[in-house]
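**Student:** Let the sequences and hints guide you as you build the complete structure.
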Amino acid sequence: MGDVLGIVAKRLGLGLLTLLIISALIFIAVELLPGDIAQAVLGQGATESNLAAKRAELGLNDPAPVRYLRWLGGAVTGDFGVSLVSSESVTEAITPRFKNTLFLALYAAAIAVPIAIGLGVLVALFRNSLFDRVANVLTLTSISSPEFFLGYILILYFSVNTGWFPSIAKVDPDMGMAERLERTFLPALTLVLVVVAHMMRMTRAAIINLLASPYIEMARLKGTPAWKVIVKHALPNSWAPIINVVALNLAYLITGVVLVEVVFVYPGIGQLLVDSVSKRDFPIVQACCLIFAATFILLNLAADIGSILTNPRLRHPK
Amino acid sequence: MTDASEHKDLLLKIRDLRIEGYSDESWVEIVHGINLDLHRGEVLGLIGESGAGKSTIGLAAMGFTRDGCRISGGSVNFDGIELTKQSKRDLRKLRGVRIAYVAQSAAASFNPAHKLIDQHTEAPVHYNVKSRVDSQEDAKELYEKLRLPNPQEIGFRYPHQVSGGQLQRAMTAMAMACRPDLIIFDEPTTALDVTTQIEVLAAIRDIVEQFNTAAIYITHDLAVVAQMADRIKVLLKGDEVEEADTATMLSSPQEEYTKSLWAVRSFRKPQKSRPEASSSEPPVVSVDGVDASYGKLKVLNDVSFDVYRGMTVAVVGESGSGKSTTARCITGLLPPTKGTIRFNGQELPSSYKNRTTDQLRQAQMIYQMADTALNPRIKICDIIGRPAQFYSGLNGAPLKTRVEELLDLIELEPSQYYNRYPPELSGGQKQRIGIARALAAEPSFIICDEVTSALDQLVAEGILKLLDRLQSTLDLAYMFITHDLATVRSIADEVVVMKEGRVVEQGPKDTMFTPPHHDYTDLLLSSVPEMDPNWLTQLLEERGV
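Protein chains in written order, with the numbering used here: chain A, 119 to 436; chain B, -8 to 536.
Derived by calculation from the structure, the hints in this document are not laboratory data. Please read all numbers here as calculations on a predicted model, not as lab measurements. None of the hints are false.
Derived pair list, reagent style DSS-like, types lysine-lysine, alpha-carbon separation capped at 25 Å: (1) B:K79 with B:K121; (2) A:K288 with A:K397; (3) A:K350 with B:K106; (4) B:K287 with A:K128; (5) B:K250 with B:K260; (6) A:K346 with B:K121; (7) B:K84 with B:K106; (8) A:K350 with B:K79; (9) A:K350 with B:K121; (10) B:K121 with B:K106; (11) A:K346 with B:K84; (12) B:K287 with B:K344; (13) A:K350 with B:K131; (14) B:K263 with B:K456; (15) A:K346 with B:K79; (16) B:K84 with A:K350; (17) B:K136 with B:K106; (18) A:K346 with B:K106; (19) A:K346 with B:K76; (20) B:K289 with B:K490.
Computed list of chain A residues with no C-beta within reach of chain B, every gap over 12 Å: (21) G153; (22) A174; (23) R185; (24) L187; (25) S204; (26) E206; (27) R251; (28) L256; (29) I286; (30) D292; (31) P359; (32) N362; (33) V380; (34) Q389; (35) A420.
In this text, a Cβ means the ideal position worked out from N, Cα and C, and glycines have one as well.
**Tutor:** Listed below in structure tokens is the structure:
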């Protein structure tokens, strides 16, 4: 296990380094945006002296590297500065939104991952059968449709026509769990439809890829039934690619859901980001980007560790 | 379906078995009407080259065909049960309980994700032959019978934690788990070193005798089958050539093909000796006190030997003894941590990166797996043409002439092969292309790394003869890496024996093959199976096992 810890520590270090580089990239990208921040905040009617005062207040007159280090120093301690528009703390503005996004992502993942892997195992077992083809066509259709379109279709059938679920996923912090799950069911279902195909197809491919292995033939020659060959002999050896694609989709569920949030009017971090870009609220934009980057890095790290832990050669060294 | 006139202990009766394989969008017959009888407790050897249909027939005896194959005719009758007419479910049960299989590479055939003993108990538990606990106890007993070290514990390890020879015995134990009536052994020792092979052969033979299990023993190695089988059936391209009991088959084979198989091992080239001490000619390659390591792991320890012009030095040893690593040091792929490599008396830079084009040209390599050593998407003319262009600066028409010359040299008709791709060629032809690629650089020294071990005996013999002819015409020096002592006998002038990264003994072939030997050389030499059916028994008695 010492080896494994060493590898994990190394990956973690690399992840932090990547995050540092990304933070610089984010800062530079925001710097490159056209327009004057003070002007954007104060509006067209501001006088030259007002603008100068605002710039001084925001520290915009300092050279860029100094401002970057100041921002980075704050970010490390959890202080992302103050919103330019509302003057409230960025951390406070983001936290409830991010919690909502995480909740929706976990909700969708809790449904999608078991379905995807279960279906993947089934289509691998009945490969090239009618069931395999139908499952493939359905999941491919759902992944190929734009998510806002899927969202509106679901609203049409499950909300407008039947009234089973609310079409607007408005949540507030005091809401009970059951109500929250019901309100957010349609956005979660939309996301499930978007991510299931990818994970299912990877599970199928990873398993089928192994079916030509000598140990699979050996299992068949021992009289092992087909389902057991797949579940007991192929699946344990195909975790690495499956875990990777699951992590990739989880990252998408956190960082790529802005359209779904808009369709269902869900107060998530994606909407906040888009709003802040249009209002030039740069501290919030930077913080959101950094959180997204950290999410990607963390999930990839988790996938790496997962792959290592499912490899018996690394888990049980000689 | 029992026939009163048959032996009452007849276990397996195959009649007119035909198997088809799917290739190029149509079904092609690959086994053409084979008959086979096997009695209880009897061992039948199936031998033949690759493509003879040995494994296909072996698997058909379990009612199993690989993907892309089907049984198209004939009958496979196992103890009164017609396997070709059974449901999948019944067949599975038969395979789990009454017919077992031992695969060629145990390392690849054990599932890396599960402990050995869990794989052992899978079939007996699934088919309610034994409870998990009983089956585990039984596994430990079998491990002990098969002389595995630490039989109480070894089952709880994962496959990668156990050596190849041990895995092969564990797989034999697994096959015995339900005490089957029939076991198919599919080249169970081909992937093992000779010294390990002995232990596995002895273990298999003992246990088969002890439980009176019938077996089909598939191999391409005649000497091995001579030790194991009561009867031998020779196959060629899906047809039976002949069948007889082992002693008869060895002493008086009837068919030409069988005789040619028997004769392969007789190729000998005359042994050359080093130039007189008075001549000042330095060796082409001189390895002097070389140490090397992979990371912290030291793999070579003070390795020294010389290769003279026009001579073949065979480097022998088991896997992991440092043979290929030595080759990597000579070519500069792995810079030694100590010692020097000299070429015609001149010291070479340790890494290939610092060597001149001419220094690189002098030493070329031919690899074991021609399949993977040739890029499948590059034409033969480019594979051979590229080094000719790189080292000799040839282009256009002269380059084409040179490639054709090289194809002539390796006995492949230039007009036929010039524009083809490697996957269109047979294994032996691919290996010839590998040789031509090495020759294209006009080297004075070639490293042959197990170049014949992936080939059938007849094809391998052709390659050895070609290499021998090229050596005399081009005055080449060879370093011949092999674990096969029969190859050493036929082609070597000098022999270097390696073990655990050290040279344990070296000298001219004649001296090396005549006693007294170093202990380890003796172990290696005596472990090479001989055609005498009593060889294994005698050897085990001598060793006091």
